[in-house]
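**Q** Residue numbers (the working numbering), protein chains in the order written: chain A, 17 to 333; chain B, 1056 to 1366.
It is worth saying that the hints were derived from the structure and are not from the lab. Note that the Cβ used here is the ideal one computed from N, Cα and C, for glycine as well. Certain hints may be false.
[Claimed, not checked] Derived, one-sided and incomplete: chain A residues facing chain B with beta-carbon distance under 8 Å:
1. Leu-95
2. Pro-96
3. Glu-99
4. Lys-102
5. Arg-104
6. Gly-105
7. Lys-106
8. Met-110
9. Asp-114
10. Thr-117
11. Ser-122
12. Met-138
13. Val-142
14. Tyr-165
Residue strings, one per chain:
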Amino acid sequence: MDTLLSVRNLKTYFRVKRGILRAVDNVSFDIKRGEVFCLVGESGCGKSITALSIMRLVPYPGEIVGGEILFDGVDLLKLPEEEMEKIRGKRIGMIFQDPHTSLDPSYTVGWQVEEAILLHRMIKKVSKLAVNLLKKVGIPAAEKRYREYPHQLSGGLKQRAMIGIAISNSPELLIADEPTTALDVTIQAQIVDLMLKLREENGISILLITHDMGLVAEACDRLAVMYAGKIVEKGSVEEIFSEPLHPYTKALLRCVPRPDKDVEKLVSIPGTVPEFPPASGCRFADRCPMTRKECFETTPEEVNMGNGHRVACHLYG
Amino acid sequence: MLGYVARRVAMAVPTIFAVATILFFIVRMVPGDPAVYLLGDMATPERVANLRAEMGLDKPLYQQYIDFMLGVLRGDFGRSFENGMPTMVRVLRAFPFTFELAVAGTLLSLLIGIPLGVAAAVRRGSKIDVLITSGTTIGVSIPVFWLALLLIEFFSVRLGLLPVTGLGNNPIERLRHLALPAFSLGIGMVATVARMTRSSMLGVLGKDYITAVRAKGAPWNVTVYKHGLRNAIIPVVTVVGLNFGYLLGGTVLVEYVFGRPGLGSLLIEAVFSRDYPQIQASVFFFSAVFMAVNIFVDILYSFLNPKIRYG
Ligand SMILES: Nc1ncnc2c1ncn2[C@@H]1O[C@H](COP(=O)(O)OP(=O)(O)OP(=O)(O)O)[C@@H](O)[C@H]1O
Ligand SMILES: [Mg+2]
């Protein structure tokens, strides 16, 4: 399998009043064609900003200050804005965390699907295509839903419509930023199944952002674990689930909710993600149970542990 | 929807009667006797008494009030003391001029205010934004009559570009005559519209669906107008609509300064001559229009907002 997307040393910073917030700091990962790649980590660790950086839609006052984003060999960060507009929605589709706020309340669902198509293709019979798309993403009574406004649809149907919009121009990459977090558990499974079906049928690559380790185990091929703007560990699901190396990954996996116990996902790691971590040293150091002196002094380099399993931790340096 | 409108109208009826009552007493509290005004200071007390009887002012106050309210119920607002014409007829003849002025003022405020607000929101924090935001702060606080005089001085007296008074007798002339009054009337609203548009727009542009539209590949300007403005405009239209009533109030001053005919001029004239029935009819009509506009705005709002329309 060849590489579709290669993010290299990506740096996205926010200039806020209290200083420079390094939301994404030197992040690198590759996504191969046809694979589901997961980005996991706690709230606030920079997952969404990484995704938005790929789309070049980082919100103000954020700014991509360094790195490369090679999509099919082309550096997206070097493209003029008009060229980037041809890639968004056409070659890379995106769906968002909250389907209730991702559709424009003033237009019908059908209109919004058509807009997505017409932004990239001149098609006369666009309404037929739009209805077919709604059918394809499993919306029942698609003809009726086509004429309805977003608030008339349930969360699950809205997220299906969003997926329909995202895949309307058969993109090569689908970025899904916590696509199930805002949905009921039963609906979550349906949405995941739908995405996996699309991958199966269309060979689409998926960048799946989540903090649900159960979903990672179920859906994904390879993953990267992010902490405070940095990737601390990455590799295949089998490798990482059978032999997690980084203390943060271990903690994350211990936090997977088990059916027999009603545990909240991430509460068992004490402390929170630091917003302004020290410039040098490991960012996880103040929460890590296994720190040594060097953890507070030097930033750990990424180490290759074989089979594409990489970890940035002094324990393995 | 129809039931809703009916309910709103029904709710307005008691308000209208309260307005009529307050109006009746306020008018009679203003010092000055209509009969004395019409006959002049030199009239004999006998003639004054006769005229007062003719006007019905010799009856006890409660009897006058009952007569007035019964008239209102029948839609009869009496005849003008001044010229004996039915007061409502005079009101209805004057209203189109006032309406024209108020509509022109509103349109002007939208036409200027919305682009200013959008420009400020899109370039938030820039020099343009600061200029527009501070400019509109001054705008809201300019007194209408002062601005009107300033405009007359500059455009009519100095430059001789625009006429001061009158109406004009062909469409182009009519617009030229409308320009300064409409601008004086609308300028305060320009500021309100611009600020509302700016804040509403900033709110909308921060919404998830804006990012989602951009992720579809829509260019920034398409996103701003098709999705940003489309959603940001709803509260702006509501505020403008609700302000239309106040704008109507503002026409009184503007019509007076520019010597335009209209409801405002009619009202001021009636106040000067203590023409009670005419004052009552004019103000009653003003309030009825004010309430009708509010109901209409509510309907328009629900029409613009699908969530309410189909909810
Ligand atoms: N508009 C913004 N202004 C300032 N800082 C921001 C902004 N958006 C994000 N950040 C910062 O960037 C960091 C990463 O945010 P991001 O949204 O990528 O987190 P996340 O991993 O997606 O979390 P979640 O799971 O809650 O979605 C956070 O520390 C956040 O404070
Ligand atoms: Mg996020």
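**Q** All hints, please: hold or fail.
**A** Consistency of the hints with the structure:
A hinted interface residue such as A/Leu-95 counts as satisfied when its beta carbon comes closer than 8 Å to some beta carbon of chain B; here the least separation is about 13 Å, so the hint is violated. Using the Cβ-Cβ criterion of 8 Å, the hint placing A/Pro-96 at the interface with chain B is not satisfied: the shortest such distance is roughly 12 Å. For A/Glu-99, the interface hint is violated, since its Cβ never comes within 8 Å of a Cβ in chain B; the closest pair sits about 11 Å apart. With its C-beta approaching chain B no nearer than about 7 Å, A/Lys-102 sits inside the 8 Å limit, and its interface hint holds.
Checking A/Arg-104 against chain B: minimum C-beta separation of about 4 Å stays under 8 Å; hint holds. With a cut of 8 Å, the hint placing A/Gly-105 at the interface with chain B holds, because the nearest CB-to-CB distance is about 3 Å. A distance limit of 8 Å between C-beta atoms decides the matter here; for A/Lys-106 the minimum to chain B is near 6 Å, and the interface restraint holds. Hint on A/Met-110 holds. Least Cβ distance to chain B is approximately 4 Å, under the 8 Å limit.
With a least beta-carbon distance of about 6 Å to chain B, the hint placing A/Asp-114 at the interface is held under the 8 Å criterion. Checking A/Thr-117 against chain B: minimum C-beta separation of about 4 Å stays under 8 Å; hint holds. Given hint, A/Ser-122 at the interface with chain B, holds; its Cβ is 5 Å from that chain's nearest Cβ, closer than 8 Å. Interface hint status for A/Met-138: violated, as the beta-carbon distance to the closest one in chain B is roughly 14 Å, over 8 Å.
Annotation: A/Val-142 was flagged as interfacial toward chain B, and the flag is violated, the nearest CB pair being 14 Å apart, outside 8 Å. Because the beta carbon of A/Tyr-165 sits about 4 Å from the nearest beta carbon in chain B, less than 8 Å, this interface hint is met.
Of the numbered hints stated above, those contradicted by the structure are hints 1, 2, 3, 12 and 13, listed in ascending order.
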